[in-house]
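Using the sequences and the hints given, assemble the complete structure.
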Amino acid sequence: MISTLQKTIRPVRAVRGLHKSAVEVLKRPDPEDTVTASYGRFISEVKPQHLSSLVLHRSKRMVLDSIGVGLIGSTTDVFELALQHCQHMYAPDDISSVYGRRGSRLSPTLAAFVNGVATHSMDFDDTWHPATHPSGAVLPAVLALSDMMPNSKPSGSDFLLAFNVGIEIQGRLMRFSHEAHNIPKRFHPPSVVGTMGSAAACARLLSLDHSQCSHALAIAASLSGAPMANAATQSKPLHIGNASRLGLEAALLASRGLKASPLVLDAVAGVAGFDAFYEDYVPEPLESPNDGHVFLLEEQDMGFKRFPAHLGMHWVADAAASVHTLLVGLGPGTVSPSQVQDILLRVPKSKYINRPFPESEHEARHSFQFNACSALLDGEVTVQSFTPAALRRPDILALLSRVRVEHPHDNPANFNSMYGEVQVTLVEGHILKGRCDTFYGHWRNPLTNESLRKKFRNNAGAVLRSEQVEGLIDVVGGLDTLGDCRDLLSQLQ
Amino acid sequence: MLCKGITESFGAAIHALNTTKLTDGVISRSKRMMLDTLGVGLIGSRTAVFNKALMYSQSFKSDERSSVWGKSQITLPPPFAAFVNGIAVHSMDFDDTWHPATHPSGAVLPALLALAETLPSRPSGLDLLLAFNVGIEVQGRLLRFSREAFNIPERFHPPSVVGVMGSAAASAKLLALSPAECIHALAIAASSAGAPLANAATQTKPLHIGNAARRGLEAAQLAQMGLEGNPAILDIPSGFGVYYKDYSPSAMTVPASGDFKWMLEDQNIAVKRIPAHLGMHWVVDAALAARAKLENTARNFDLGQIRRVILRVPPSKYVDCPLPSTEHQARHSFQFNASSALLDNKVTVSSFSEAQMNRPALKELLSKVKVETPKDNHPSFDKMYCEVEIETDQGQSYAARCDTFYGHWRKPLSQEDLVDKFSVNASSVLCSEGVEGLIDVVGNMERVRECSILGSYLRLTSSQQEQCYSLQRL
Numbered sequence: 001m002i003s004t005l006q007k008t009i010r011p012v013r014a015v016r017g018l019h020k021s022a023v024e025v026l027k028r029p030d031p032e033d034t035v036t037a038s039y040g041r042f043i044s045e046v047k048p049q050h051l052s053s054l055v056l057h058r059s060k061r062m063v064l065d066s067i068g069v070g071l072i073g074s075t076t077d078v079f080e081l082a083l084q085h086c087q088h089m090y091a092p093d094d095i096s097s098v099y100g101r102r103g104s105r106l107s108p109t110l111a112a113f114v115n116g117v118a119t120h121s122m123d124f125d126d127t128w129h130p131a132t133h134p135s136g137a138v139l140p141a142v143l144a145l146s147d148m149m150p151n152s153k154p155s156g157s158d159f160l161l162a163f164n165v166g167i168e169i170q171g172r173l174m175r176f177s178h179e180a181h182n183i184p185k186r187f188h189p190p191s192v193v194g195t196m197g198s199a200a201a202c203a204r205l206l207s208l209d210h211s212q213c214s215h216a217l218a219i220a221a222s223l224s225g226a227p228m229a230n231a232a233t234q235s236k237p238l239h240i241g242n243a244s245r246l247g248l249e250a251a252l253l254a255s256r257g258l259k260a261s262p263l264v265l266d267a268v269a270g271v272a273g274f275d276a277f278y279e280d281y282v283p284e285p286l287e288s289p290n291d292g293h294v295f296l297l298e299e300q301d302m303g304f305k306r307f308p309a310h311l312g313m314h315w316v317a318d319a320a321a322s323v324h325t326l327l328v329g330l331g332p333g334t335v336s337p338s339q340v341q342d343i344l345l346r347v348p349k350s351k352y353i354n355r356p357f358p359e360s361e362h363e364a365r366h367s368f369q370f371n372a373c374s375a376l377l378d379g380e381v382t383v384q385s386f387t388p389a390a391l392r393r394p395d396i397l398a399l400l401s402r403v404r405v406e407h408p409h410d411n412p413a414n415f416n417s418m419y420g421e422v423q424v425t426l427v428e429g430h431i432l433k434g435r436c437d438t439f440y441g442h443w444r445n446p447l448t449n450e451s452l453r454k455k456f457r458n459n460a461g462a463v464l465r466s467e468q469v470e471g472l473i474d475v476v477g478g479l480d481t482l483g484d485c486r487d488l489l490s491q492l493q
Numbered sequence: 001m002l003c004k005g006i007t008e009s010f011g012a013a014i015h016a017l018n019t020t021k022l023t024d025g026v027i028s029r030s031k032r033m034m035l036d037t038l039g040v041g042l043i044g045s046r047t048a049v050f051n052k053a054l055m056y057s058q059s060f061k062s063d064e065r066s067s068v069w070g071k072s073q074i075t076l077p078p079p080f081a082a083f084v085n086g087i088a089v090h091s092m093d094f095d096d097t098w099h100p101a102t103h104p105s106g107a108v109l110p111a112l113l114a115l116a117e118t119l120p121s122r123p124s125g126l127d128l129l130l131a132f133n134v135g136i137e138v139q140g141r142l143l144r145f146s147r148e149a150f151n152i153p154e155r156f157h158p159p160s161v162v163g164v165m166g167s168a169a170a171s172a173k174l175l176a177l178s179p180a181e182c183i184h185a186l187a188i189a190a191s192s193a194g195a196p197l198a199n200a201a202t203q204t205k206p207l208h209i210g211n212a213a214r215r216g217l218e219a220a221q222l223a224q225m226g227l228e229g230n231p232a233i234l235d236i237p238s239g240f241g242v243y244y245k246d247y248s249p250s251a252m253t254v255p256a257s258g259d260f261k262w263m264l265e266d267q268n269i270a271v272k273r274i275p276a277h278l279g280m281h282w283v284v285d286a287a288l289a290a291r292a293k294l295e296n297t298a299r300n301f302d303l304g305q306i307r308r309v310i311l312r313v314p315p316s317k318y319v320d321c322p323l324p325s326t327e328h329q330a331r332h333s334f335q336f337n338a339s340s341a342l343l344d345n346k347v348t349v350s351s352f353s354e355a356q357m358n359r360p361a362l363k364e365l366l367s368k369v370k371v372e373t374p375k376d377n378h379p380s381f382d383k384m385y386c387e388v389e390i391e392t393d394q395g396q397s398y399a400a401r402c403d404t405f406y407g408h409w410r411k412p413l414s415q416e417d418l419v420d421k422f423s424v425n426a427s428s429v430l431c432s433e434g435v436e437g438l439i440d441v442v443g444n445m446e447r448v449r450e451c452s453i454l455g456s457y458l459r460l461t462s463s464q465q466e467q468c469y470s471l472q473r474l
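Same order as they appear, the protein sequences are chains A and W.
Here the first sequence stands for residues 1 to 493, numbered as in the UniProt record's numbering.
Here the second sequence stands for residues 1 to 474, numbered as in the UniProt record's numbering.
No lab work stands behind these hints, which were simulated from the structure alone.
Treat the hints loosely; a few may be bogus.
Label pairs and their in silico Cβ distance ranges [unchecked claim]:
1. Pro360/W - Gly483/A: 46 to 52 angstroms
2. Asp94/A - Pro120/W: 26 to 32 angstroms
3. Gly483/A - Arg147/W: 42 to 48 angstroms
4. Arg392/A - Gln73/W: 53 to 59 angstroms
5. Ala176/W - Val328/A: 54 to 60 angstroms
6. Arg147/W - Val282/A: 24 to 30 angstroms
7. Gln356/W - Lys47/A: 42 to 48 angstroms
8. Gly270/A - Ser257/W: 44 to 50 angstroms
Cβ coordinates follow ideal geometry from the N, Cα and C atoms, glycine included.
In structure tokens form, the structure reads like this:
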């Protein structure tokens with residue numbers, strides 16, 4: 001085995017090294033022995049046969065969901081703005097297709113940008129643990145790059161491999177810190193690991209050598225990092241758009257020979273690399289794909305959203321929905337604010353999703369209070385719950401003014417361990433409670449294939465004809481056996 | 001969320017600043033910065049990193065095109081012109097440095113020139129000067145929001161943090177955005193900030209400036225189209241504060257009548273004489289002085305007689321590189337710059353070529369260099385010093401110390417030497433009409449009718465140069 005050979009060679013190098021100043025040897029790790037180099041090697045060496053059937057199955061679900069949310073996202077204002085920006089600042093280009101816009105094509109990185117914006121525009125895209133939105137940062141770049149490849153398009157299995165590399169790298173990087181395991185406070189995770197994932201995926205698809213793969217990651221690190229303050233604003237979707245775009249750019253620059261730090265993932269005292277984005281950081285090398293490597297997606301499934309809002313909202317929505325059912329059972333069939341005296345939410349402490357009176361759709365998607373009240377009134381939260389009219393409903397506003405929020409000590413700000421409780425005190429004195437530990441769509445209670453397809457049909461159907469919608473379901477379902485991903489690329493508009 | 005109105009004040013200030021607020025002092029200093037920046041950008045257009053970025057950027061199409069400095073035939077979409085020109089400016093680490101530490105001009109000027117060439121309003125030289133100074137001022141303000149910024153950086157490379165904000169502010173000014181749009185330009189730019197220091201001393205470092213210019217311009221354009229971000233981006237710790245461990249922002253106010261106090265008037269910039277990290281300038285001046293002592297005293301002076309060279313420098317990991325293997329590392333190596341100075345009695349652009357770096361005599365000298373970091377040597381460009389002590393085989397010792405190198409803000413380059421640096425740099429790429437034209441236009445910038453004329457001079461290459469270069473391997 002080559003890896004064991006390498007292990008025997010290393011001590012010899014160390015002995016020779018002693019002829020230099022011993023201090024020099026200690027300071028400089030063997031360039032092959034770094035965490036960064038191990039990532040470069042993994043990306044360059046991994047092959048389709050390293051993907052297990054479970055990983056293939058789960059990642060195809062992610063691809064389908066991501067395309068769907070991207071398609072419905074192409075109806076949003078922020079997407080329109082991003083698209084116009086690209087079309088005005090640059091010119092239309094014949095290369096990579098734009099979600100849902102027949103005939104619109106852009107340069108690959110710009111297509112990755114707008115499609116990434118679309119994907120995250122309604123906060124409808126997938127969420128993982130540790131927390132990030134992995135697919136939106138990777139899929140648009142892989143699609144755009146596939147469109148760019150001149151002669152033969154990648155096979156479906158090469159496509160899926162690149163996609164999974166992009167997901168895997170994100171998962172691995174997040175495990176370098178404890179900070180990443182909790183709901184973020186400083187940097188928005190997709191802007192940190194998403195760019196790296198996109199770079200990795202594109203490096204894989206471009207078949208870069210291990211050194212170029214390392215440099216792609218290092219170049220991407222200089223393009224990573226956006227503050228949490230822009231979450232819950234119209235700029236948030238650009239975090240995913242830029243992650244996708246800039247990761248692709250990093251891979252393209254690396255393919256042209258641009259070099260960057262060979263230690264970007266390693267922790268070097270006094271010179272921050274990727275650890276600049278974290279308070280605690282302990283990197284681990286990535287083993288060779290031939291050494292019994294297991295993809296993280298095998299062990300940690302993905303969460304899919306049932307409605308377009310921050311993941312945390314799904315807990316309170318499910319809890320509030322169960323109270324709605326009780327209320328409706330008790331009374332006239334609908335819920336009216338006049339019945340409600342007080343609403344108490346018990347949720348984890350997280351400033352950016354604690355918004356008593358959201359003023360925009362973006363804020364509403366990041367408001368425990370708004371989502372609880374919507375679900376309490378309507379029994380569910382849907383795409384329609386965030387329209388301008390819906391935001392201003394008198395009933396919603398009335399309920400919002402009666403909400404209190406508590407942060408129990410046993411409710412951590414962590415998507416794996418949190419819960420949501422809704423306690424409604426009725427005017428006539430009854431107290432109704434609802435609690436959700438695991439919402440339907442969470443990785444512990446995943447959407448069935450049927451539910452996932454239903455979500456996809458609703459989303460894609462907003463923009464495509466039904467033959468195209470069904471066509472995409474079929475193509476993605478059989479993606480790993482597809483000889484040529486052209487069939488996928490051609491159906492996105 | 002606590003909103004102290006700081007971001008709002010920046011938006012209002014960027015909008016309110018007008019050409020009447022420009023003072024003679026700030027005009028004079030910023031023109032020097034512009035000239036120096038153009039010069040280093042021109043010579044930078046012959047580097048490998050620039051060429052890689054140029055080839056990449058040429059794959060983008062656009063209707064509007066802006067000049068690429070030092071190229072007569074090539075134009076690019078404005079954001080990519082800003083990108084490659086910014087890269088050129090920082091490609092050899094030859095551009096200006098400020099205190100608190102950043103490279104302010106390279107993040108701003110390329111964006112403004114690219115933008116100016118496409119604006120139907122055809123901005124004047126005075127408009128350019130105003131926008132440029134807005135970009136510099138905003139950077140200076142942001143750097144003062146933390147104590148961390150006052151020292152040589154360890155986490156994020158400052159141009160990638162404040163540079164993109166300066167570019168956004170400057171572009172917003174040139175685009176005449178409303179106060180609200182200026183706020184959002186800053187907010188959008190903040191999501192493009194922050195590159196880790198690990199990529200300093202690599203080929204990617206120049207991209208930090210290139211991207212600052214490009215993405216700041218883009219942020220302003222997106223804001224102009226109505227994109228919004230967090231209007232309290234500078235106020236809150238989860239906003240711009242994420243880039244600093246300590247963060248204490250304050251408002252920016254422009255008096256309606258009366259003078260505006262530009263930071264550039266109080267705090268000048270440093271212009272480099274050597275294409276290397278600023279810290280190297282101290283060690284080179286000290287090494288040259290120590291060498292002179294050795295030469296004056298010793299009869300038959302022979303470098304082979306050097307037993308040891310001790311450098312006393314501030315602690316800064318990313319410029320402590322005993323055996324650099326690339327030009328980028330060499331520009332960030334106390335040891336390399338001291339050794340070059342001792343060997344050649346000067347450090348110039350050519351000191352960093354592969355041939356020069358591989359000289360056995362240099363490598364031998366490098367192996368004799370020892371670095372010490374005395375406690376009183378503070379890692380701050382305002383406070384540091386360098387000492388070089390040469391020990392000979394005969395047991396003698398020649399030491400010299402540099403507190404303030406020539407070119408530092410405490411000892412600025414004379415106008416003659418500044419123009420000279422520019423001429424040498426620009427002549428490597430432009431014909432003499434181009435060189436002189438730029439000196440003339442920048443020198444009279446406040447009277448220039450259309451600042452885009454700079455673009456036409458920046459393209460006046462001497463055909464010999466361009467032909468010669470295209471034959472060389474990249």
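Checklist entry - Checked against the structure, which of the hints given earlier come out wrong? => result 1 and 3
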